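Using the sequences and the hints given, assemble the complete structure.
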Amino acid sequence: ILNVEQSPQSLHVQEGDSTNFTCSFPSSNFYALHWYRWETAKSPEALFVMTLNGDEKKKGRISATLNTKEGYSYLYIKGSQPEDSATYLCAFYGNQFYFGTGTSLTVIP
Amino acid sequence: DGGITQSPKYLFRKEGQNVTLSCEQNLNHDAMYWYRQDPGQGLRLIYYSQIVNDFQKGDIAEGYSVSREKKESFPLTVTSAQKNPTAFYLCASSIVTSGDQETQYFGPGTRLLVL
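Residue numbers (the numbering used here), protein chains in the order written: chain L, 1 to 109; chain R, 1001 to 1115.
FYI, nobody ran anything at the bench for these hints, they're computed from the structure. It should be emphasised that the depicted structure is a prediction, and the values quoted were computed from it without experimental measurement. Don't take every hint at face value.
[Said to hold, decoys possible] In the DSBU-like style, the derived pairs of lysine-lysine whose C-alpha atoms are separated by at most 35 Å in a straight line are:
1) R:LYS1057 x L:LYS57
2) R:LYS1009 x L:LYS58
3) L:LYS42 x R:LYS1009
4) L:LYS42 x L:LYS59
5) L:LYS69 x R:LYS1057
6) L:LYS57 x R:LYS1009
7) L:LYS78 x L:LYS42
8) R:LYS1009 x L:LYS59
9) L:LYS59 x R:LYS1014
10) L:LYS59 x L:LYS78
11) L:LYS58 x L:LYS42
12) R:LYS1057 x R:LYS1083
13) R:LYS1009 x R:LYS1083
14) R:LYS1071 x L:LYS58
15) L:LYS59 x R:LYS1071
16) R:LYS1057 x L:LYS42
17) L:LYS57 x R:LYS1083
18) R:LYS1083 x L:LYS42
19) R:LYS1071 x R:LYS1014
20) L:LYS58 x L:LYS78
21) R:LYS1083 x L:LYS59
22) R:LYS1071 x L:LYS78
23) R:LYS1057 x R:LYS1071
Here you go:
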C-alpha cells in the first residue's frame, strides 16, 4: 500500500487569512495528483487534477502546485472565507487512487 | 439531476449478518469504486469495476463482495467474514476527462454500525 501524507491534520484560520497545505507522495510510478474538497455532510468534490512537474492550477481563490520529482503538492487558499471550511483531500494516482488522510480547515468569521 | 446515490445513509448490522450497501449512478460512467474510511485514515479501496460484469479487488477486499450486473449499479456486500465492519463507506464513479485524466465523482456515503 502506497503512503500519501497530508499536513497539517487540521487548521484554524481567521477569515481573510491566506493558508496552504501539503500533500506528500512517492515520486515513482506517478501518473496524476488529485485534490478534493469535502464539506461536512456532502460528497467529496474534485478541485484539481495535476499531471506534469511544475503544474499550477487555479480556481478562484484556490490554487495548487505540483513537484513530481520531490513528491509533493501544495494547495493554497487566498483570503480564506467561512465557506472554505472543509476537509481537503489529495489522492495519488498510479495504477489506482491512494488518498491522504486530509487537512481539515476551519475558517473563523 | 445526474449523480451518485448511496443508500441507506445509516445502516445497523448485527454480528454475523451480511448487509448490502447500494450505489447507483446515472452519469453513464464506466468505472465504479468502493472505499472505506476509518478515523485518522485516508480512503482505502475495497473493490473497483472498470466495466460491467468485471471487478477487481482493492487493498482491503477481504470480507467484502461486489457485483456489477448493470452499468448504473455497484452494490457492496459486507459479509460476516469482515471482522471490523464499522466504518464510513463511499462509492465513486469515474470518467476519463480531457488530457486522458480520470476524475472521480463521489456519493454521499453510508455509515455502517455493528450492534
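Q | Structure versus earlier hints, numbers of those that do not hold, lowest first | A | 9, 17, 21, 22
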